Amino acid sequence: MQVYSTPKAIKENSNFTFCPGCDHGLAIKTIAHVIDELNIRENTIAVASSGCSVFLYNFLDVDCIESPHGRACAVATGVKRAHKAQGNNKFVFTYQGDGDFASIGLAESMHSALRGENITAICINNTNYGMTGGQLGPTTAMGQITTTSQNGRNREYHGFPIKTAEQIAQCEGTCFSARVALYDIKNIINTKNTIKKAFEYQNQNLGFSFVEILSSCPTNWKLSPKESHEKIKTELSQIFPLGVLKDVKND
Amino acid sequence: MSYIVLDKNKCKSCYLCTDVCPKELIKKSDEIGKTGEFIVKFEDKENQCLGCSQCAIMCPEIAITEVHKE
Chain A
34 MQVYSTPKAI KENSNFTFCP GCDHGLAIKT IAHVIDELNI RENTIAVASS GCSVFLYNFL
94 DVDCIESPHG RACAVATGVK RAHKAQGNNK FVFTYQGDGD FASIGLAESM HSALRGENIT
154 AICINNTNYG MTGGQLGPTT AMGQITTTSQ NGRNREYHGF PIKTAEQIAQ CEGTCFSARV
214 ALYDIKNIIN TKNTIKKAFE YQNQNLGFSF VEILSSCPTN WKLSPKESHE KIKTELSQIF
274 PLGVLKDVKN D
Chain B
418 MSYIVLDKNK CKSCYLCTDV CPKELIKKSD EIGKTGEFIV KFEDKENQCL GCSQCAIMCP
478 EIAITEVHKE
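Protein sequences appear in the order of chains A and B. The opening position of the first sequence corresponds to residue 34 in my numbering, with each subsequent residue numbered one higher. The opening position of the second sequence corresponds to residue 418 in my numbering, with each subsequent residue numbered one higher.
Among the hints, a few may not be true.
[As the list claims (entries may be wrong)] Computed cross-link-like contacts, DSS-like style, restricted to lysine-lysine with a CA-CA straight-line distance of at most 25 Å: (1) B:Lys486 / B:Lys451; (2) B:Lys486 / A:Lys41; (3) A:Lys219 / A:Lys279; (4) A:Lys219 / B:Lys462; (5) B:Lys427 / A:Lys44; (6) B:Lys444 / B:Lys427; (7) A:Lys279 / A:Lys44; (8) A:Lys41 / A:Lys229; (9) A:Lys259 / B:Lys427; (10) A:Lys259 / B:Lys445.
[As the list claims (entries may be wrong)] Residues from chain A that face chain B, not an exhaustive set, calculated with beta carbons under 10 Å: (11) Pro53; (12) Val87; (13) Glu205; (14) Ser257.
[Said to hold, decoys possible] Which chain A residues stay away from chain B? Per the calculated CB distances, all over 12 Å, these: (15) Ile73; (16) Lys117; (17) His144; (18) Gly192; (19) Pro274.
In case anyone wonders, no lab produced these hints; they're calculated from the structure. The structure displayed is predicted, hence computed values, not measured ones. Heads up, the beta-carbon is just placed ideally off N, CA and C, and yes, glycines get one too.
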């Protein structure tokens, strides 16, 4: 009996172009499993952003649209509203990195949440700008060494990191906000269930749903894939606590 | 007999699957993959594989494409 198979929402013969051990592959695979389970592949429009997350449309077998840097939530708003005006209720989600969602596109992201746009945003938080060489990003932890903070992030010069899931949870239009991780099997399954919940909330027209995924960047952190997962488990999940921060059905 | 299907062309030698296998059936092979590192191999001479799918869930490259359980 076959107990596991490659998700149908992943294109056939596609090879991920991410670095070895990068959690982007796990995140895309998890999203593909959820799309399969909810059977929404034919009705989904994904919005990719700039950064490593841009490769989404090479691998995911759904309709994809590429947005300018940081503007994925704005593009998703347009896609959702234009289709709704024509009577089509499309399923729309964005797939963004932390630099895209929380720095360059903070206004678009935050105001989409405040408007309560009926879209789902997935933010991959790897605490740096991964594609351009690991520069200091908005979510870089205090003391973390990056190519543009050689002595570690400090309070005087760089200020504090943004806790995206908490900020989005405070917006009144948000129906669901959670932070999850992918460092072990338990958390991968939890991530899958959380994304499924966020997707279901969009189908129920409850408002803006948001999932932040703590992800590894072994190349720029200069650690092995195993050590990167250990770092998320021991260090990053202390700074960015995992869990559901807002859930309109339970509040 | 439980077994996995491993696509050698997709393996990028991150070795995350070797850590999660409860029976330690996935090991480094002596074959060099596309990243220039040794790729993994699946060896199950004593039919120990449980079909638990943990390696497939953990693989970021979807190199473990199928898991069959008896």
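Non-conforming hints, listed in increasing numerical order: Hints 1, 4, 7, 12 and 13 contradicted; others consistent.
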